[in-house]
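Enquirer: Listed below are the residues making up each chain.
There are 2 protein chains.
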Amino acid sequence: MCREAWSALLIADEGWGHAVRAGEVAAPFPTVGLDTLAVEAARLLAGRNLPGLIVVDGVGRPLTVLPGTQVLRMAVPAYCQDDPALARVIDEAEADLLLSGLEGRTVGQCLPEPPRELPVVDPDATVLEIAALMARTRSPLVAVVDEAGTMRGAVTLDALLDRMLGS
Amino acid sequence: MCREAWSALLIADEGWGHAVRAGEVAAPFPTVGLDTLAVEAARLLAGRNLPGLIVVDGVGRPLTVLPGTQVLRMAVPAYCQDDPALARVIDEAEADLLLSGLEGRTVGQCLPEPPRELPVVDPDATVLEIAALMARTRSPLVAVVDEAGTMRGAVTLDALLDRMLGS
Chain S
0 MCREAWSALL IADEGWGHAV RAGEVAAPFP TVGLDTLAVE AARLLAGRNL
50 PGLIVVDGVG RPLTVLPGTQ VLRMAVPAYC QDDPALARVI DEAEADLLLS
100 GLEGRTVGQC LPEPPRELPV VDPDATVLEI AALMARTRSP LVAVVDEAGT
150 MRGAVTLDAL LDRMLGS
Chain R
0 MCREAWSALL IADEGWGHAV RAGEVAAPFP TVGLDTLAVE AARLLAGRNL
50 PGLIVVDGVG RPLTVLPGTQ VLRMAVPAYC QDDPALARVI DEAEADLLLS
100 GLEGRTVGQC LPEPPRELPV VDPDATVLEI AALMARTRSP LVAVVDEAGT
150 MRGAVTLDAL LDRMLGS
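Same order as they appear, the protein sequences are chains S and R. Heads up, the first sequence is in numbering that gives the first Met the number 0, so the first residue is 0 and it goes up one at a time. Heads up, the second sequence is in numbering that gives the first Met the number 0, so the first residue is 0 and it goes up one at a time.
Everything labelled a hint here was simulated from the structure, so no lab data went into it. Where is the CB? At the ideal position from N, CA and C, for every residue including glycine. Check the hints yourself; a few may be wrong.
Output of the computed footprint for chain S on chain R, the stretches with three or more beta carbons under 8 Å from beta carbons of chain S [as the list claims (entries may be wrong)]: (1) 43 to 52; (2) 61 to 70; (3) 74 to 81; (4) 131 to 143; (5) 149 to 163.
Estimated spans, in silico, between C-beta atoms of each pair [what the hints assert, rightly or not]: (6) S:123 to R:23: 45 to 55 Å; (7) R:34 to S:146: 41 to 51 Å; (8) R:108 to S:35: 38 to 48 Å; (9) R:116 to S:35: 24 to 34 Å; (10) S:112 to R:146: 30 to 40 Å; (11) S:59 to R:39: 31 to 41 Å; (12) S:104 to R:83: 32 to 42 Å; (13) S:84 to R:23: 14 to 24 Å; (14) S:62 to R:146: 42 to 52 Å; (15) R:108 to S:59: 41 to 51 Å; (16) S:121 to R:57: 39 to 49 Å.
Okay, chain S solo, but in the shape it has when bound (with noise of 0.2 Å):
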């Protein structure tokens, strides 16, 4: 990519005369809180074809960015994630007796381990850190967070790569 990549998004920068920061790229995004059904992430996350979810505290602090396959993950259980064959031989009413357990689950009781890096950054990141943030994390969602680390908006791969390609 990489050259061309770079070359267009030099030569944006000279006309913003200035590098590009995360607090330019960043567009509103939706949030949930750990209380919030998981059903009810998973609609946000398929109705609007988001890339991944945000869980925030009571004051808009992120807690965990989750993307798309990792709310995905919380629908199936853990045996089946690790076992293709097993996977396979479930049938429909199997699958629902297993998946009965998690009825009425919040994204508190459903999220996953928490990630070792959580792709979070300050306004003033630039768009190669986010960029590496991205790549390092495999998120391709990443939150922008003021001081006090509440979130002030997102930035997603394609608003970045859109941003790198000038497109």
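Chain R: place on chain S using the hints.
Expert: Below, chain R without anything else, positioned relative to chain S:
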């Protein structure tokens, strides 16, 4: 999420009268080759808001499935991926210099290490199996291949969630 989501799936299944299989959920999906220019691959991803890219060989067999974040990885120098502080201090001119070595590179030249498990299924895979595979491999994109290994379509996370949630 879980019971309501799977209940919706069950209802959908009852309508179909059988378990939903990959072959029914799969849709056409663009592919790239090892000799595709990396920047063209990135433009394809960005321009069509794809969740990732499928790299195929000369006869259409998937070689790797790259989530969007791993396409982005091709553009980020390795040492910036691992050192957030360095990514911050590099200004654009330096970044351009550092990245110039990648100029004109192909997808094949930029590919990361091959994944341990390729997110590929046969047309008989169940929805649960696809969901488990996406969660396990962290890939929002699964290729569907025939017996010869030739790609016949793909299932995206969005399409799978829509099917699961009946939206």
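Enquirer: Which of the numbered hints above does this structure break?
Expert: none
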